[in-house]
Amino acid sequence: MSSIRVLSPGALTTIQDRGRYGYQSSGIRPCGAMDLDAYETAVRLAGGGDAVLEMTMLGVTVEFQSRMIFALTGADMPATLDGLPVPRYKRMGACPGQVLKVGAATNGCRGYLAFYGGIQVPKVMGSRSTDMKCHIGGMEGRPVKAGDLLEAAEPDEKTFSSLLAEDLTADEVKYSSDIEVRVIPGPQDEAFTEKGWNDFLSSSYEITPDSDRMGLRLAGLPIESKAGTDIVSDGIVFGSIQVTAAGNPIVLMADHQTTGGYAKIATVLSLDLPMLAQARPGDKVRFRKISVEDAQKLHEGPSFFAKLMKQFQRMFG
Amino acid sequence: MEMRIMPEGDRALVVDFGEYIDETVNDSVNRLARKIQEHHLDGIQEMIPTFRSLLILFDPERTSMRRVRSEIERLDITASESESKERRILRIPCCYGGKYGEDLKDMEQVTGLSREEIISIHSGTDYRVYMLGFLPGFAYLGGLDERIAAPRLKTPRLSIPAGSVAIGGNQTGVYPIDSPGGWRIIGSTPIAFYDPSKENPILCKAGDYIRFVPIREDEYDEIREHPEAWV
Numbered sequence: 001m002s003s004i005r006v007l008s009p010g011a012l013t014t015i016q017d018r019g020r021y022g023y024q025s026s027g028i029r030p031c032g033a034m035d036l037d038a039y040e041t042a043v044r045l046a047g048g049g050d051a052v053l054e055m056t057m058l059g060v061t062v063e064f065q066s067r068m069i070f071a072l073t074g075a076d077m078p079a080t081l082d083g084l085p086v087p088r089y090k091r092m093g094a095c096p097g098q099v100l101k102v103g104a105a106t107n108g109c110r111g112y113l114a115f116y117g118g119i120q121v122p123k124v125m126g127s128r129s130t131d132m133k134c135h136i137g138g139m140e141g142r143p144v145k146a147g148d149l150l151e152a153a154e155p156d157e158k159t160f161s162s163l164l165a166e167d168l169t170a171d172e173v174k175y176s177s178d179i180e181v182r183v184i185p186g187p188q189d190e191a192f193t194e195k196g197w198n199d200f201l202s203s204s205y206e207i208t209p210d211s212d213r214m215g216l217r218l219a220g221l222p223i224e225s226k227a228g229t230d231i232v233s234d235g236i237v238f239g240s241i242q243v244t245a246a247g248n249p250i251v252l253m254a255d256h257q258t259t260g261g262y263a264k265i266a267t268v269l270s271l272d273l274p275m276l277a278q279a280r281p282g283d284k285v286r287f288r289k290i291s292v293e294d295a296q297k298l299h300e301g302p303s304f305f306a307k308l309m310k311q312f313q314r315m316f317g
Numbered sequence: 001m002e003m004r005i006m007p008e009g010d011r012a013l014v015v016d017f018g019e020y021i022d023e024t025v026n027d028s029v030n031r032l033a034r035k036i037q038e039h040h041l042d043g044i045q046e047m048i049p050t051f052r053s054l055l056i057l058f059d060p061e062r063t064s065m066r067r068v069r070s071e072i073e074r075l076d077i078t079a080s081e082s083e084s085k086e087r088r089i090l091r092i093p094c095c096y097g098g099k100y101g102e103d104l105k106d107m108e109q110v111t112g113l114s115r116e117e118i119i120s121i122h123s124g125t126d127y128r129v130y131m132l133g134f135l136p137g138f139a140y141l142g143g144l145d146e147r148i149a150a151p152r153l154k155t156p157r158l159s160i161p162a163g164s165v166a167i168g169g170n171q172t173g174v175y176p177i178d179s180p181g182g183w184r185i186i187g188s189t190p191i192a193f194y195d196p197s198k199e200n201p202i203l204c205k206a207g208d209y210i211r212f213v214p215i216r217e218d219e220y221d222e223i224r225e226h227p228e229a230w231v
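One line per chain: the protein sequences are A and B, in this order.
Going by my numbering, 195 is the number at position 195 of the first sequence; the sequence numbering is gapless.
Going by my numbering, 208 is the number at position 208 of the second sequence; the sequence numbering is gapless.
Please keep in mind that the hints were generated in silico from the structure rather than gathered at the bench.
Just so you know, not all the hints are guaranteed correct.
As the list claims (entries may be wrong) - Below, simulated DSBU-like cross-link-like pairs (lysine-lysine); rule was C-alpha separation at most 35 Å, straight line:
| hint | chain 1 | residue 1 | chain 2 | residue 2 |
| --- | --- | --- | --- | --- |
| 1 | A | K158 | A | K123 |
| 2 | A | K133 | B | K154 |
| 3 | B | K205 | B | K105 |
| 4 | A | K226 | A | K145 |
| 5 | B | K205 | A | K123 |
| 6 | A | K289 | B | K35 |
| 7 | B | K35 | B | K198 |
| 8 | A | K284 | A | K145 |
| 9 | B | K154 | A | K226 |
| 10 | A | K297 | B | K35 |
| 11 | A | K101 | B | K154 |
| 12 | A | K195 | B | K99 |
| 13 | B | K198 | A | K123 |
| 14 | A | K123 | B | K105 |
| 15 | A | K195 | A | K123 |
| 16 | B | K198 | A | K133 |
| 17 | B | K35 | A | K123 |
| 18 | A | K90 | B | K99 |
| 19 | B | K198 | A | K145 |
| 20 | A | K195 | A | K289 |
Computed from a predicted model, the values in this text were never measured in an experiment.
Can you make the complete structure from the sequences, with help from the hints?
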C-alpha cells in the first residue's frame with residue numbers, strides 16, 4: 001500500500017465510484033460519480049480500480065508518498081506537478097515526495113483524479129462512494145479534508161514503467177455553457193398543460209447557485225400543471241425532472257433521494273447526464289424530446305453492417 | 001388490478017397501480033416485485049417499490065423497454081389464497097415519554113387524551129410498511145389511529161436522534177438516522193432500523209407490519225446493549 005497525503009482539499013472533493021446500487025428499495029441513495037464518462041476515462045487512464053476523487057470547481061493539492069500512476073479528466077482544472085504543468089487526459093507517473101496541485105476549473109464543473117488501482121477505502125453496501133447525508137462510504141462519509149491519507153496500491157517498478165511506456169491518452173472533452181439535453185416524457189407527463197409542455201421544450205432554463213450533487217435547480221418559465229404537482233410518492237432515477245409547486249424544474253442527480261412527491265414531467269436521457277453534471281450556475285439548459293424507441297437505438301449501437309463498414313474503412317481507408 | 005406502464009427515462013420504467021394509498025394497491029406492487037424476482041428477468045438491475053408503483057431499473061444494453069414491458073404483462077399477479085394470510089410482524093420495543101419522548105406531554109394537550117391512552121392507542125395497532133424512502137430504512141407506515149394524529153411542529157427540529165418514534169399529521173414513523181424533522185417525538189426504540197455495519201443493514205421491508213411494544217427506561221438500555229436478545 002502507498003499513501004497520498006491531502007495537503008488542500010479544494011472546494012468540495014469526495015471519493016466516488018460508480019455508485020451504491022441495489023439498496024434503493026430501502027431508501028439508500030446511489031451517489032457515485034456525477035459525470036460517469038469523465039470518471040470511466042480517468043479510471044482507464046490510471047490503470048483500473050474503482051474509487052476516484054471528484055473535485056468541484058477547485059481541485060486538490062496532494063503529496064505522493066510513493067511512486068504512483070494517476071490521471072486527470074473532466075472539468076479543465078489546470079494542474080502542476082512540482083510546479084510544472086501536467087497534461088490532462090493522459091496517464092501520468094509521480095515519484096515519492098512530488099506534489100500535485102490541481103487548480104480552479106476554467107471549463108466545466110467537476111474534475112476527476114484517479115490513482116492506479118483506485119482509492120482503497122472500505123466498501124459499504126458494495127460501494128466506496130461517499131454519501132454525505134448518510135455519512136457512509138469514502139472518508140467516513142464526509143468530503144476529503146487536509147491531512148487525510150488516501151491509500152492506493154503501489155505499482156511495483158516493472159508495472160510502473162510498463163504502464164507509463166504505454167503512453168495512454170484520451171480525447172479531452174470541452175463543455176458548453178449553453179447545452180441541449182434529450183428527454184423522454186413521463187412518468188407524470190400528463191400532469192402538465194399544453195402550455196406547460198410548450199414552455200418546457202421551447203424556452204431555456206438557467207442553472208441556479210443552489211444546485212448540488214443532489215439536484216440541479218433550474219430557473220426560467222414556470223411549467224404550468226393541470227392541478228398542482230403533488231403526487232403520491234413514487235420512485236426517482238438519476239435524471240428525473242421534478243417540477244415543484246411553483247413550477248420550477250429540478251433535475252435529480254447522483255445524490256438523489258430514492259422516492260419523491262413531486263410530479264416528474266420527463267427524464268434526461270442517461271447519455272446526456274455527463275454534460276449536465278459539468279454545468280455551472282448561470283449556464284443555460286434546453287430540453288428536446290426524444291422517443292423511447294430512438295433512445296433504445298442509441299444503446300444498441302451500430303448495426304452489424306455498419307460495424308463491418310467501419311472495419312473495412314480501417315483496413316483500407 | 002389495472003396497471004399502467006410508463007417510461008422513466010431510457011433505463012427504467014414504472015408500473016403504476018393507482019394514484020392513492022391503499023392496501024390492495026400496495027399488495028399488487030409488492031406481488032409484482034416478488035414475481036419479477038422469482039422469474040429472474042434478464043437485464044433487471046434494481047426495483048423500488050412505493051405506495052402505488054414499482055420502479056424497475058434495467059440495463060438497456062441487455063434488454064429493452066419493449067421487452068421488459070411485455071415480460072411484465074405476461075406475469076400473473078393475481079393474489080393467491082396462501083399469501084393473503086402471511087404477515088411478517090416485527091415487534092419493536094418503544095420507551096414512551098420522558099427523555100426519549102419529549103413531545104408526549106404536548107401530545108396530551110393536542111389530542112385531549114392521557115399519556116396512558118396515547119401509549120395504548122399507539123402500541124395497539126399493527127402498522128403496515130407501505131414503502132421505504134426519504135432516509136435509509138425510513139418506513140412509511142399506514143394505520144395511525146385518527147385520535148392520536150397531530151399536526152407537525154411549526155418549527156422543525158434541526159436534529160432528531162436516530163431511533164425516535166414520532167407522529168406527523170396522520171403518519172407515525174421511526175427516524176433511522178439523526179435527521180432534521182418536524183414530527184412530534186413520543187418515544188424511542190433501542191432497535192436499529194438502519195445499521196450499515198450489518199450484512200442486512202435495513203430492518204424492515206415493504207409489506208411488513210410493525211407493532212410497538214411499550215418498555216421502561218431500564219429495559220431500553222438493556223436492549224440497546226443486547227439487541228439480539230429481543231425477540
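To see whether the hints hold, each was checked on the structure:
This hinted pair checks out: K158 of chain A and K123 of chain A have alpha carbons roughly 29 Å apart, not beyond 35 Å. Proposed proximity of K133 of chain A and K154 of chain B is supported: the alpha carbons are some 24 Å apart, at most 35 Å. With a C-alpha separation of about 31 Å, the suggested pair K205 of chain B and K105 of chain B falls inside the 35 Å cut-off, and the hint holds. Restraint check for K226 of chain A and K145 of chain A: not satisfied, since their Cα atoms lie roughly 47 Å apart, outside the 35 Å limit.
Annotation: proposed proximity of K205 of chain B to K123 of chain A holds, straight-line Cα distance about 23 Å (limit 35 Å). Distance restraint check for K289 of chain A and K35 of chain B: the Cα-Cα separation of roughly 33 Å lies within the 35 Å cut-off, and the hinted pair is therefore satisfied. Taken as a hint, the K35 of chain B and K198 of chain B pair is honoured in the structure, with Cα atoms around 27 Å apart against an allowance of 35 Å. A distance of roughly 32 Å separates the Cα atoms of K284 of chain A and K145 of chain A; the hinted pair therefore holds under the 35 Å criterion.
Taking the CA atoms of K154 of chain B and K226 of chain A, the gap is about 30 Å. The hint holds against a cut of 35 Å. With a C-alpha separation of about 28 Å, the suggested pair K297 of chain A and K35 of chain B falls inside the 35 Å cut-off, and the hint holds. Taken as a hint, the K101 of chain A and K154 of chain B pair is broken in the structure, with Cα atoms around 48 Å apart against an allowance of 35 Å. For the hint linking K195 of chain A to K99 of chain B, the alpha-carbon distance of about 54 Å lies beyond 35 Å, and the restraint is violated.
Restraint check for K198 of chain B and K123 of chain A: satisfied, since their Cα atoms lie roughly 12 Å apart, inside the 35 Å limit. Restraint check for K123 of chain A and K105 of chain B: the C-alpha separation of about 43 Å exceeds 35 Å, so the hint is violated. Of the pairs offered as hints, the one joining K195 of chain A and K123 of chain A is violated, with about 47 Å between alpha carbons and a cut-off of 35 Å exceeded. A distance of roughly 19 Å separates the Cα atoms of K198 of chain B and K133 of chain A; the hinted pair therefore holds under the 35 Å criterion.
Taking the CA atoms of K35 of chain B and K123 of chain A, the gap is about 30 Å. The hint holds against a cut of 35 Å. A distance of roughly 58 Å separates the Cα atoms of K90 of chain A and K99 of chain B; the hinted pair therefore is violated under the 35 Å criterion. Among the hinted pairs, K198 of chain B with K145 of chain A is consistent with the structure: their alpha-carbon atoms are about 27 Å apart, no more than 35 Å. Taken as a hint, the K195 of chain A and K289 of chain A pair is honoured in the structure, with Cα atoms around 15 Å apart against an allowance of 35 Å.
Hint check: violations occur at hints 4, 11, 12, 14, 15, 18; the rest are consistent with the structure.
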